[in-house]
Amino acid sequence: MPRQIELAPGCRISYETQLERSSAQGDASDPDATYETVWIGATRALCWMICECPEMRNSNVLELGCGQGLAGMFCVEHAGASRAVLTDVSETALAMVEVNAKLNDIGDRVTTAVLDVSRTLNGSERYDFVVASDMLFSSKIAREVFAACRHLIKPGGTILLGHEKRYSVYRDAETGEIRQESVDQPLQVFLGLSQEENWSVQEVSPFPNEPNLLATRIQCI
2 MPRQIELAPG
12 CRISYETQLE
22 RSSAQGDASD
32 PDATYETVWI
42 GATRALCWMI
52 CECPEMRNSN
62 VLELGCGQGL
72 AGMFCVEHAG
82 ASRAVLTDVS
92 ETALAMVEVN
102 AKLNDIGDRV
112 TTAVLDVSRT
122 LNGSERYDFV
132 VASDMLFSSK
142 IAREVFAACR
152 HLIKPGGTIL
162 LGHEKRYSVY
172 RDAETGEIRQ
182 ESVDQPLQVF
192 LGLSQEENWS
202 VQEVSPFPNE
212 PNLLATRIQC
222 I
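Plus 1 on top of the position in the sequence shown (first one is 1) and you've got this note's numbering.
In case anyone wonders, no lab produced these hints; they're calculated from the structure. Incorrect hints may have been included.
Label pairs and their in silico Cβ distance ranges [said to hold, decoys possible]:
1. Ser169 x Pro209: 23 to 29 Å
2. Ser206 x Glu182: 14 to 20 Å
3. Ile179 x Asp106: 36 to 42 Å
4. Pro156 x Cys12: 17 to 23 Å
5. Glu126 x Arg58: 19 to 25 Å
6. Thr93 x Ser169: 27 to 33 Å
7. Gln189 x Pro156: 24 to 30 Å
8. Pro209 x Gln5: 22 to 28 Å
9. Val170 x Asp117: 24 to 30 Å
Here are the simulated DSBU-like pairs of lysine-lysine, each with C-alpha atoms no more than 35 Å apart in a straight line [stated by the list, open to error]:
10. Lys155 x Lys141
11. Lys155 x Lys103
12. Lys103 x Lys166
13. Lys166 x Lys155
14. Lys166 x Lys141
For glycine and all other residues, C-beta sits at the position ideal for the given N, C-alpha and C.
Produce the entire structure from the sequences given, and follow the hints as far as they go.
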């Protein structure tokens, strides 16, 4: 049964998950379906930043690691993007994105494509905006996501990230105590690579009561 989620004040998106559809039909679901999870905090932070980008109107957008496709559909439904290409490594996820785009009456402006950021990207199309929500889980993945963004963004384009800060733990070599890192290393890797390109980085914590949620805008040259 489709549900609605409010991603910004007054801005709702309808969606259905493959798990819900499979359960309703009595089918087995994918046991490794991480795309089924809606990372709501980071997605809300990303959509907050999208609302701060009036220049997205009439632009073309690509979403990396789209999962349910909520952020990419938000770009079309509520920010006026002329079209959005929603990408994920999972074909099952993308099939549900197409269903969800039709639920929101934007199926004519949303397309899907399989894309694995860990592989070398081919193709020449570039986008005005590249958006991603909660993809920076490790320094390795952060480098892969950055490489994908650099390949896909137009000169002068904009990268928008929604991110929930996470701090790794480690065992102190001298004391044996468990300690927590003071910085979110994957995020710092991504931002450091952006600064090496002389891209402009703006970080915002949009929700005072949720300081670990971060919206980042990166202006490319």
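- Can you give the numbers of the hints that this structure goes against, from lowest to highest? Per hint list: 3, 4 violated.
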